[in-house]
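Asks: Quick note: the sequence shown uses my numbering, first residue 1, plus one each step.
Note that these hints are calculated values from the structure, not bench results.
In this text, a Cβ means the ideal position worked out from N, Cα and C, and glycines have one as well.
There may be inaccurate statements among the hints.
Distance windows between CB atoms, simulated [claimed, not checked]:
| # | residue 1 | residue 2 | range |
| --- | --- | --- | --- |
| 1 | Leu56 | Thr175 | 49 to 57 Å |
| 2 | Ala100 | Ala168 | 24 to 32 Å |
| 3 | Pro183 | Leu57 | 48 to 56 Å |
| 4 | Phe197 | Phe29 | 17 to 25 Å |
| 5 | Asn177 | Val210 | 19 to 27 Å |
| 6 | Leu56 | Asn101 | 48 to 56 Å |
| 7 | Ala144 | Ala168 | 25 to 33 Å |
| 8 | Asp130 | Glu32 | 54 to 62 Å |
| 9 | Val184 | Gly12 | 38 to 46 Å |
| 10 | Gly31 | Ala174 | 20 to 28 Å |
| 11 | Lys30 | Phe197 | 19 to 27 Å |
Listed below are the simulated DSS-like cross-link pairs for lysine-lysine, each with C-alpha atoms no more than 27 Å apart in a straight line [unchecked claim]:
| # | residue 1 | residue 2 |
| --- | --- | --- |
| 12 | Lys126 | Lys65 |
| 13 | Lys65 | Lys6 |
| 14 | Lys170 | Lys126 |
| 15 | Lys58 | Lys170 |
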Amino acid sequence: MNFNLKSIIPNGLTVLNLLCGCLGIVFAFKGELHWSSYCIGTAVVFDFFDGFTARLLKVNGELGKQLDSLADMVTFGVLPSVILFQMISIATEDYFTSIANRQISNLFFQFSAFLIAAFSALRLAKFNIDTNQSDKFIGMPTPAGAIFIGSLPLILSSFNVNMYVPIAGKALSATANLYYWSPVEFYTISTLQNKWFLTVAGIIDALLLVAPIEMIALKFKNYSWKDNKLKYSFLAVSTI
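Input sequences plus hints: build the corresponding full structure.
Replies: Written out as structure tokens, the structure reads:
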């Protein structure tokens, strides 16, 4: 009985992670991509603390493990795919066009975004059965990939332009002059509205999820400084 009571806290945080993913998908389809990004950021916090509280309360069980993977699949797999799909749709000037009326060539770029969801499912399934990832990650964690995709709408929205209508050529130059954009800002916005960049970025993001590369994991067997110097240093630098 005590075990069940204690498990409510970490499992509740996992459910909040899942709800963030569901809300983010709704926002993405309602033309509120920046809110979708905020949902990813909020979900990352819940995702960190569900594991943190589970270890703190010494809660172990298969239910929490499977629930966490299901929540991550929605929030860090499906949601970033939907965000990227919408961004590529904007870049190909199809955002306001029904899918049935879009060119096949454009759909190829747009649907490539869902490779992230597919590879996220593969990664999470492998993670659940791989004993070698108990204190480290092999391949990029799904939250990291989702954070990257989620940052793109926030960067675009910071330029005070309508991110749902791509601007290029003379119009982009005129807008840059109007807002006194620096060359870095000019190329940033033109890059983030380029279908090739977005497509390639999505493919690389997806491949990194299953790449046989060992990466740091913020998993704490204990909380001593001696055993976790690198992890605490990483958190401090990230916070700054």
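Asks: Each hint needs a verdict: does it hold in this structure or not?
Replies: How the hints compare with the structure:
1. The given range of 49 to 57 Å is respected by Leu56 and Thr175, whose C-beta atoms sit roughly 50 Å from each other.
2. At about 26 Å, the beta-carbon gap between Ala100 and Ala168 stays in the expected band of 24 to 32 Å.
3. At roughly 52 Å, the beta-carbon separation of Pro183 and Leu57 lies within the given 48 to 56 Å, and the hint holds.
4. Checked against the hint of 17 to 25 Å, the C-beta distance between Phe197 and Phe29 comes to roughly 23 Å, which is consistent with it.
5. For Asn177 and Val210, the Cβ-Cβ distance of about 44 Å falls outside the hinted range of 19 to 27 Å, so the restraint is violated.
6. The supplied range of 48 to 56 Å is met by Leu56 and Asn101, whose beta-carbon atoms lie about 53 Å from each other.
7. For the hinted restraint 25 to 33 Å between Ala144 and Ala168, the CB-CB distance of approximately 31 Å keeps it satisfied.
8. Taking the beta carbon of each, Asp130 and Glu32 are about 36 Å apart, not inside 54 to 62 Å as hinted.
9. In this structure, Val184 and Gly12 meet the distance hint of 38 to 46 Å, their C-beta atoms being roughly 43 Å apart.
10. Our hint of 20 to 28 Å for Gly31 and Ala174 holds, since their Cβ atoms are close to 25 Å apart.
11. A hinted range of 19 to 27 Å holds for the C-beta pair Lys30 and Phe197, which are about 25 Å apart.
12. A hinted pair counts as satisfied when its Cα atoms are at most 27 Å apart, and Lys126 with Lys65 qualifies at roughly 13 Å.
13. Proximity of Lys65 to Lys6 is assessed by CA-CA distance (about 15 Å); at most 27 Å being required, the pair is judged to hold.
14. For the hint linking Lys170 to Lys126, the alpha-carbon distance of about 49 Å lies beyond 27 Å, and the restraint is violated.
15. With a CA separation close to 61 Å, the supplied pair Lys58 and Lys170 exceeds the 27 Å bound.
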